[in-house]
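Q: Let's have the full structure, built from the sequences with the hints guiding it.
Number of protein chains: 2
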Amino acid sequence: MRFLSLVFPSSPKSHSHHLFSPLLNLRYSYSSSPVESTVTHVSSSSRYPLHMDAAEEALRRALADKQTAVEFQGTAVRDMKTAGAAKPEIDAAVEALNALKLEKSSIEKQLQDAFSSNGSSSAVSRDAFRQAVVNTLERRLFYIPSFKIYRGVTGLYDYGPPGCAVKSNVLAFWRQHFVLEENMLEVDCPCVTPEVVLKASGHVDKFTDLMVKDEKTGNCYRADHLLKDFCKEKLEKDLSMSAEKAAELKHVLAVLDDLSAEVLGSKIKEYGITAPDTKNPLSDPYPFNLMFQTSIGPSGLSRGYMRPETAQGIFVNFKDLYYYNGNKLPFAAAQIGQAFRNEISPRQGLLRVREFTLAEIEHFVDPDDKSHPKYSEVANLEFLMFPREEQMSGQSAKRIPLDEAVSRGIVNNETLGYFIGRVYLFLTSLGIDKERLRFRQHLANEMAHYAADCWDAEIECSYGWIECVGIADRSAYDLRAHTDKSGVPLVAHEKFSEPREVEKLVIAPVKKDLGLAFKGNQKMVVEALEAMGEKEAMEMKATLESNGEVEFHVCTLGKVVTIEKNMVMISKEKKKEHQRVFTPSVIEPSFGIGRIIYCLFEHSFYTRSSKAGDEQLNVFRFPPLVAPIKCTVFPLVQNHQYEEVAKLISKSLTAAGISHKIDMTGTSIGKRYARTDELGVPFAVTVDSTSSVTIRERDSKDQIRVSVEEVALVVKDVTDGQSTWTDVLWRYPTHSSVSADE
Amino acid sequence: MRFLSLVFPSSPKSHSHHLFSPLLNLRYSYSSSPVESTVTHVSSSSRYPLHMDAAEEALRRALADKQTAVEFQGTAVRDMKTAGAAKPEIDAAVEALNALKLEKSSIEKQLQDAFSSNGSSSAVSRDAFRQAVVNTLERRLFYIPSFKIYRGVTGLYDYGPPGCAVKSNVLAFWRQHFVLEENMLEVDCPCVTPEVVLKASGHVDKFTDLMVKDEKTGNCYRADHLLKDFCKEKLEKDLSMSAEKAAELKHVLAVLDDLSAEVLGSKIKEYGITAPDTKNPLSDPYPFNLMFQTSIGPSGLSRGYMRPETAQGIFVNFKDLYYYNGNKLPFAAAQIGQAFRNEISPRQGLLRVREFTLAEIEHFVDPDDKSHPKYSEVANLEFLMFPREEQMSGQSAKRIPLDEAVSRGIVNNETLGYFIGRVYLFLTSLGIDKERLRFRQHLANEMAHYAADCWDAEIECSYGWIECVGIADRSAYDLRAHTDKSGVPLVAHEKFSEPREVEKLVIAPVKKDLGLAFKGNQKMVVEALEAMGEKEAMEMKATLESNGEVEFHVCTLGKVVTIEKNMVMISKEKKKEHQRVFTPSVIEPSFGIGRIIYCLFEHSFYTRSSKAGDEQLNVFRFPPLVAPIKCTVFPLVQNHQYEEVAKLISKSLTAAGISHKIDMTGTSIGKRYARTDELGVPFAVTVDSTSSVTIRERDSKDQIRVSVEEVALVVKDVTDGQSTWTDVLWRYPTHSSVSADE
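Chains as they are written, first to last, in the UniProt record's numbering: chain A, 1 to 742; chain B, 1 to 742.
Note that these hints are calculated values from the structure, not bench results. Predicted model only: the values in this text are computed from it and were never measured. Among the clues, some could well be false.
A pair counts as met if it fits within one copy or between any two copies, since identical chains are not told apart.
[To be verified] DMTMM-like, lysine to aspartate or glutamate: derived pairs with alpha carbons at most 20 Å apart:
# : residue 1 : residue 2
1 : K651      : D720
2 : K651      : E181
3 : K374      : E644
4 : K574      : E501
5 : K716      : E182
6 : K651      : E182
7 : K611      : E678
8 : K328      : D663
A: This is the structure we're talking about:
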């Protein structure tokens with residue numbers, strides 16, 4: 001195998017896609033694509049396979065049109081709200097929007113049905129695959145349901161020894177890849193957060209899910225979950241249902257995320273949905289805040305919460321951090337830490353939990369200049385992107401050069417593009433399969449109103465495409481919110497090299513004349529005049545100059561008054577300014593570490609036959625960077641001499657800082673290899689003489705002979721990334737006798 | 001300076017104790033020892049200086065006697081409680097104990113007064129020193145009061161960029177020094193903890209402080225703090241006080257920690273202590289639980305707490321971890337994570353906070369064999385220890401070889417000794433001054449009743465001697481508590497190589513005969529018979545054999561019955577046992593990371609004159625291991641060529657994984673050195689040519705010339721600990737021209 005050009009950590013046999021290669025003799029494989037058994041290429045999106053027939057083509061075109069209409073109507077609704085249109089007018093527009101959404105999702109469903117013939121069998125293999133991964137993870141203590149001996153708490157998990165090591169490797173690499181590389185300012189803020197901070201950020205008012213209660217037992221459920229479960233089950237089991245009814249239920253499923261409390265409640269009533277455990281009637285849906293609440297100090301008067309994200313700790317420190325950075329932009333701050341969400345009913349195992357580790361970056365930048373000095377270093381990357389337009393027109397995610405996406409304006413700006421590129425490099429270095437990683441742009445109606453652009457790094461796993469990293473341009477929203485609430489200006493200054501002349505509007509009400517005309521109302525009129533914007537003021541000036549008076553609506557008085565020429569002086573004055581004061585924009589890449597790790601577990605897992613062919617063995621193909629243990633050491637047979645050599649090697653590995661495990665049990669060498677493969681240990685050192693030993697690579701099973709003194713050095717070189725296994729294969733003699741033990 | 005044997009990181013000038021060397025031109029120095037200005041050696045304990053006069057000697061002897069009496073009486077009280085003595089008897093003994101304590105503390109006070117002549121001036125310099133450190137720490141953002149723009153929350157702090165880097169360096173070293181070195185099983189459990197777990201551990205019932213409330217405003221205070229402040233102020237300000245009154249107040253201060261809620265309350269009433277802010281009357285003291293309480297899930301019915309320590313997460317996982325370790329003892333599990341204590345009124349800045357990082361180790365060991373395989377590696381260490389006996393007899397901490405302490409039984413066992421040694425190595429490697437580090441043994445009455453032995457690593461800082469690491473042999477307490485509460489046996493098994501014969505007691509009540517004799521009471525009699533211990537049963541057997549019957553007290557019936565020979569068969573049977581089942585002991589080193597870091601800040605801080613002598617400059621002498629930034633790079637003058645070289649060096653440092661900072665400002669090189677010294681950056685690279693540059697070491701200010709290509713390599717070597725600065729000094733030419741800039 002030496003002649004093969006081998007890129008570690010893939011084995012030379014796995015050039016084809018690992019999950020689907022028959023050579024690897026896989027037991028578990030799944031794909032939501034209907035073509036899994038015939039191609040080794042995996043569709044980039046489960047929703048949008050590559051080949052279509054004519055009927056499908058027609059449906060797809062209809063869907064694209066409908067989506068454009070939805071987008072158009074959505075924009076119209078937002079514009080009406082901004083312009084302050086009347087409520088009945090808005091309501092009508094919203095109704096139209098919902099109707100369009102229903103039509104859209106109806107077409108979507110037809111489309112799905114059109115190629116879901118083998119959908120359920122694929123779901124079965126998906127579940128079997130997941131079960132195999134999860135069984136291995138639990139058995140080898142990658143994670144443990146927390147407080148298991150007390151029957152646990154839903155949504156809380158411990159990382160056991162190998163999981164904890166993977167996590168700390170991922171975080172160490174995150175620090176190296178982001179914090180060190182960009183000279184970011186890392187901070188570490190408490191989890192306990194006073195209410196005022198989360199009031200300002202909007203979490204106290206808006207961080208909610210809709211909940212219903214069992215009216216007798218008080219048990220709580222997520223309203224949308226119940227409705228979803230009801231619709232799904234009905235569709236699956238009630239085959240006598242009318243086509244209209246089925247369409248309706250499908251429509252409900254499609255628009256589930258957008259339903260208001262009122263609509264959710266009326267649907268639950270209409271369908272007669274009851275509490276799943278007791279069949280008791282349910283309360284109306286009402287918002288439940290997802291933050292864990294507590295009390296700071298002994299008085300019980302100072303409310304606090306466990307932070308739902310780490311970002312706020314950075315925002316409130318902006319002023320100090322800006323100063324620390326020499327009052328210069330751009331700069332980034334970063335934080336790794338626990339965050340908490342008191343989910344109503346956690347599902348999806350490790351993906352939706354009540355406490356999790358976030359790693360967040362807040363990159364502060366001048367809103368007028370979002371270029372990035374190191375952008376060129378990632379500009380040539382090419383990977384799966386799923387821009388808004390492609391989603392709207394029913395196409396699939398496609399491979400786009402990053403530079404093209406940025407220059408064509410698909411990605412809003414260079415800095416956002418830079419971080420998308422860096423996130424891609426980060427995830428793929430960890431071992432995330434680049435064919436099952438895509439960057440999906442938020443649709444206009446998915447984004448917060450203040451966001452300039454937002455992309456999610458989504459990783460495909462057995463639960464579907466999972467949002468693992470969000471990369472958002474949040475504009476000036478957060479800093480402004482804290483400025484308003486705290487009264488402390490969180491702003492940046494740009495000093496001009498020489499003062500600049502600017503025109504400033506000056507409105508000078510003549511109080512004497514106003515007082516004579518408006519008496520007690522004078523103050524309100526003065527304030528209204530002073531509050532005018534430039535356009536309004538200049539129009540008033542023109543009218544006063546031509547007509548001598550002007551009608552003026554004073555909203556605090558609720559009436560129109562007449563302003564005469566002598567009552568106010570409006571002018572533009574030239575001023576010299578020495579600096580520009582502005583609120584920076586923030587670009588926020590936010591990493592759900594637990595989700596990334598779970599997807600990594602799935603992407604790294606495969607099975608292969610034991611040598612005898614009588615057993616399927618589990619392997620995690622973690623790159624050395626991620627592997628919880630870098631190396632196992634075992635004597636070939638139980639023998640004092642070999643054991644002493646093993647201890648010596650263990651000592652040299654410790655000195656070199658290599659995490660390793662020593663296995664002195666008399667178990668067969670094959671069983672010991674299997675144990676270590678199942679933990680994803682990349683290298684196994686077998687002591688079969690006192691002078692030299694073999695090192696075996698996990699995926700290729702290639703072995704080399706290395707002298708006892710050199711072992712730690714070789715392992716360190718390969719795990720630190722100084723050498724690849726290929727380099728090492730060339731450097732040392734291979735150990736050809738595939739021992740009887742495998 | 002090349003000829004000096006230089007041990008990095010101390011400067012060659014600082015052979016004498018750093019805080020007191022006049023050569024270093026220190027502005028801030030303090031010591032609680034009265035002899036600070038004349039000796040360079042620092043007393044190992046502020047309480048027990050080395051030289052005494054005759055009066056002091058007499059007092060000290062009296063104190064020693066009294067302490068022995070206190071200890072004796074304390075043991076007596078405990079024994080009486082264990083034996084279930086009558087209440088009046090116990091009360092009398094407790095009263096006697098308190099009287100002895102008062103007498104003891106009276107002598108202690110006299111002793112303190114005897115040499116407190118310059119006590120207050122030393123307190124002033126201590127405060128000034130602390131203020132200087134804290135000012136620097138806050139100004140350079142080592143830490144920031146959390147949520148500062150909202151006027152903060154007492155007891156919550158953020159680590160700013162350099163503080164966060166120090167923290168992550170300390171934790172990375174902790175992982176290397178403990179987890180990797182011992183192959184510990186690191187786990188990562190949630191902070192949110194259900195009530196049942198903390199009920200079992202005792203925290204729900206016992207983790208409290210006594211609190212009083214302002215009866216009008218509801219403001220809360222720690223009862224002992226108020227009493228302490230009152231006594232201290234009174235003693236300082238009321239000079240007309242009678243000797244008796246003064247003695248009484250001093251006694252109160254001495255026994256403050258041991259006062260019950262009732263006594264505290266009556267003292268507060270007696271002294272007329274009111275709320276400090278309002279002078280309103282205060283409530284009686286009552287216990288306030290220090291855990292942050294919350295609710296898990298939406299129902300509000302499932303109470304949870306933010307964990308007050310990380311250890312419980314390990315204990316509840318014992319069974320899985322033992323299995324993971326191949327069902328073998330000893331092994332250790334470890335955890336790093338946040339812990340929370342809702343302090344009533346946090347004081348002492350960074351030392352007593354409401355949220356902090358703990359690093360805890362639980363080493364599980366066979367109670368019958370507490371030897372440690374690597375003990376010999378630390379046995380020869382010698383450092384300041386403060387055994388119980390020395391504390392009782394009024395001596396000071398003294399330098400004891402660890403092996404002596406273990407072999408003489410001062411330290412309870414080898415494993416405990418091993419960890420004490422490892423903790424010593426850990427702390428001193430970080431830069432903790434070994435002259436201000438001592439291991440203090442808990443007095444018998446300080447320890448929990450179940451603890452076998454307990455030592456605190458105490459570090460002296462401006463707040464006094466601070467407990468930073470606790471190293472306790474907690475015996476089987478925690479595992480037993482969770483076994484009892486959960487019903488899941490948390491035990492270990494020792495398989496015998498061959499079955500062992502053991503004698504087992506067999507009690508077989510003859511139900512027919514008992515039924516005839518006792519009718520409805522039969523069940524109670526049977527149970528009482530079966531519950532007999534070995535001794536009681538064998539006595540009964542003997543009596544039955546000699547007398548044919550025996551009087552037997554059945555406590556559930558509340559009366560004595562007569563048991564006849566035919567009613568019960570008592571025998572001893574030989575059985576073969578294949579294994580021993582037992583609850584392991586746990587030895588727990590628990591690290592308060594924030595406290596260690598704060599003490600490290602104080603121990604690392606010094607000031608020195610600027611070259612012109614017109615300014616005092618701050619320096620942190622962090623070892624490279626700990627330093628937040630390893631290296632600064634600056635061009636000597638602002639010049640395109642030099643800036644390009646600086647960028648090149650920065651790139652090579654990033655590639656080598658060295659955290660660094662680039663300073664392109666035109667500020668004088670002296671100012672830039674001062675800035676970087678104040679952050680504790682050990683090396684500064686000055687670009688003054690395009691081929692070679694100077695590297696300057698922070699404390700010695702020695703400079704060497706190194707080629708541009710080699711810079712990253714040299715810095716990496718020294719920061720990784722591969723070379724020392726001395727090595728490097730020999731290897732490269734020194735740069736002798738001390739530039740005009742320093």
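Q: Give a verdict on every hint.
A: Consistency of the hints with the structure:
{"no.": "1", "hint": "K651 to D720", "in the structure": "both (18 Å within a copy, 19 Å between copies)"}
{"no.": "2", "hint": "K651 to E181", "in the structure": "between (32 Å within a copy, 9 Å between copies)"}
{"no.": "3", "hint": "K374 to E644", "in the structure": "between (51 Å within a copy, 15 Å between copies)"}
{"no.": "4", "hint": "K574 to E501", "in the structure": "within (6 Å within a copy, 105 Å between copies)"}
{"no.": "5", "hint": "K716 to E182", "in the structure": "between (26 Å within a copy, 19 Å between copies)"}
{"no.": "6", "hint": "K651 to E182", "in the structure": "between (36 Å within a copy, 11 Å between copies)"}
{"no.": "7", "hint": "K611 to E678", "in the structure": "within (16 Å within a copy, 62 Å between copies)"}
{"no.": "8", "hint": "K328 to D663", "in the structure": "between (54 Å within a copy, 13 Å between copies)"}
The earlier numbered hints are all upheld by this structure, with none contradicted.
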